[in-house]
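One letter stands for each residue in the lines below.
Protein chains: 2
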Amino acid sequence: MTEPRTGPTAECPTPRTAPRTTEPEQHPGEGHEAAILLERARAAVDPVLRAALGSLPGPMRRIALYHFGWEHADGTPAEGGSGKAIRPALVLAAASALGGPEARTAAVRAAAAVELVHNFTLLHDDVMDRDTTRRHRPTAWKVFGDTDAILAGDTLQALALRLLAEDAHPAAPAAAVRLADCVVELCAGQHADTSMERRDPGGVTLAETLAMAEAKTGALLGCACAIGALYAGSGDADVAALDAFGREAGLAFQLIDDVIGIWGDPRRTGKAAGADLAARKKSLPVVAALTSGTPAAAELASLYATAHREEDLERIALAVERAGGRDWAQVQAADRMARAMQEVARAVPDPEAAGGLLALAEFVTRRST
Amino acid sequence: MTEPRTGPTAECPTPRTAPRTTEPEQHPGEGHEAAILLERARAAVDPVLRAALGSLPGPMRRIALYHFGWEHADGTPAEGGSGKAIRPALVLAAASALGGPEARTAAVRAAAAVELVHNFTLLHDDVMDRDTTRRHRPTAWKVFGDTDAILAGDTLQALALRLLAEDAHPAAPAAAVRLADCVVELCAGQHADTSMERRDPGGVTLAETLAMAEAKTGALLGCACAIGALYAGSGDADVAALDAFGREAGLAFQLIDDVIGIWGDPRRTGKAAGADLAARKKSLPVVAALTSGTPAAAELASLYATAHREEDLERIALAVERAGGRDWAQVQAADRMARAMQEVARAVPDPEAAGGLLALAEFVTRRST
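Protein sequences appear in the order of chains A and B.
Residues in the first sequence are numbered from 1 upward in steps of one, following UniProt numbering.
Residues in the second sequence are numbered from 1 upward in steps of one, following UniProt numbering.
Think of the hints as simulated: they come from the structure by calculation, not from any bench.
Cβ atoms here follow ideal geometry from the backbone N, Cα and C, with glycine treated the same way.
Careful: at least some of the hints might be erroneous.
Chain A side only, calculated, beta carbon under 7 Å to chain B, not exhaustive [to be verified]:
1. Asp154
2. Glu166
3. Val177
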């Protein structure tokens, strides 16, 4: 099997010698292709998303537009920080890789549907996790209250499945079934996450933490890629390979996101550094550290149970690192990426055609560098 | 236009002379036809519902089965009190009235989807309203916590739209669009309800309370009937008439439900009498009373603001009654029923064919008698 490589493709024709931007959100090197794909995905799905949100009744619309970063809390227009559009970009890149530009165009509504599901789960997860900040702003429940944030999330799920129900493309029903199944898996993942948070850290295994992360994060990235393949008219094997690609890339993404949640730069992520530690999140690096059997693991367990001051967060982060949690997460992320590349090569042997998918997968694991 | 009447129909052929049951949930006279329709709907949709819930991952399945009354909180089987199946019965009766037995059979999955949406909103509304009792048992959030009740609700919405997405019937996509639109309307209604609860009773109008009730209750009953019509292959005008029929019947239902919430028998409804008053719900009879301009209205406003003891509930109920709230609600309910009958006669001029729909509509307004 041809070893895939990244590089200029039909999906992303910009040559490597193109002038680099100095925007802080842009990344040097191969991340540049991904940035263009993300920007193009944003441009393709935003009109569909804005029309869908615009169809909501007043109060629900206001909460949704605030959550997407398109309005301030008082209803005045905002310059969006509506997220990186990784999921819609994966739908479009998968459709393009397997079906060319026509499939990509056909999949735009489905890409918007995936983004709506993502945002529905963010709205609900923020309520459940009592997270107060999202994309550098107060979360919707902080501004509008729990009830309205839950209701707005409910409407976004409905809008997502409505977009597919009114899509006459032959792939739309199968895409809707996959997206609904994915919602169930996302909910099961969030259940596992929140119920693990309530348990004694000593009783949580690395295997169940990985399974939870796959359900919470891998499932929707896999679903995005699989839906793109469906819109390209792919057969079951290719759809399954694209799903596996997205899941592996999603797990890599989660591993890196967990690393950022402990050691990252809050100006870049919109999350405070150490926030996951302050909330005693049993994130992947933490569970890897706690189950490492090292002396640092015992120290970490003790700190997790007793240290509650702001200045303890640095000591906890250091204990996670000394117990090998940070290294494990980074090696795991690289391993997952390798598996992701194997999966995509199975369905898209031509590395030119696979370039967009690979660029996006690499982008998500390069966020912290 | 032929005046519709109730009576034996193809949908419900049992003669009036059939032996009466003495079950407390059954009603004498014309309610007997409705009871049979509800029982037949329950029998038709329960296998679909059980299969759908059975597909959920363990923890979500357990909450859903508890909520449906099919399992106790410890996971052991329960003799279901999964509700009256009014909405599935309306889907099937509408399909039958407009398309005969074949359309009824074709619409069973859609009827189950409507019931799933109903239960998704019950799960979420109970969290938001802090209601502690549902169908004579503790609500799901009381047993499993807010997070899991919200997540279980999310999965039921996904299952509902999944049932329609995998339904090959030509009406399925239009039914899914209607059901998704209905979810949005239900959420807007719940938003209106909860935000009205936070407002000063003096500032709430009867018109907005009626609009809220139509969105919260009428919308899904209308949607149920419209979906039945879609599965019968009806044109836009008949689908719209069935939607209007269900909305009017739904408003009648809500008016009676509000009357029960103040004066009803808790053994019959699963709700404590006076519960809506204790929660200071701005239900339809209360708002009608408060806006009646009578001396009793002023007394009621004062009681609503100051009387907080258990024994005040009877005085408040009496004030609502003396201000005309109870009579108004019962006259309104009858008026809505008359409008509902006009709408159904528009789409189904043959009273024999319309009998099932009329029997169900009458059933919901006879619950308190």
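> Can you list which hints this structure breaks, lowest number first?
Replying inline: none
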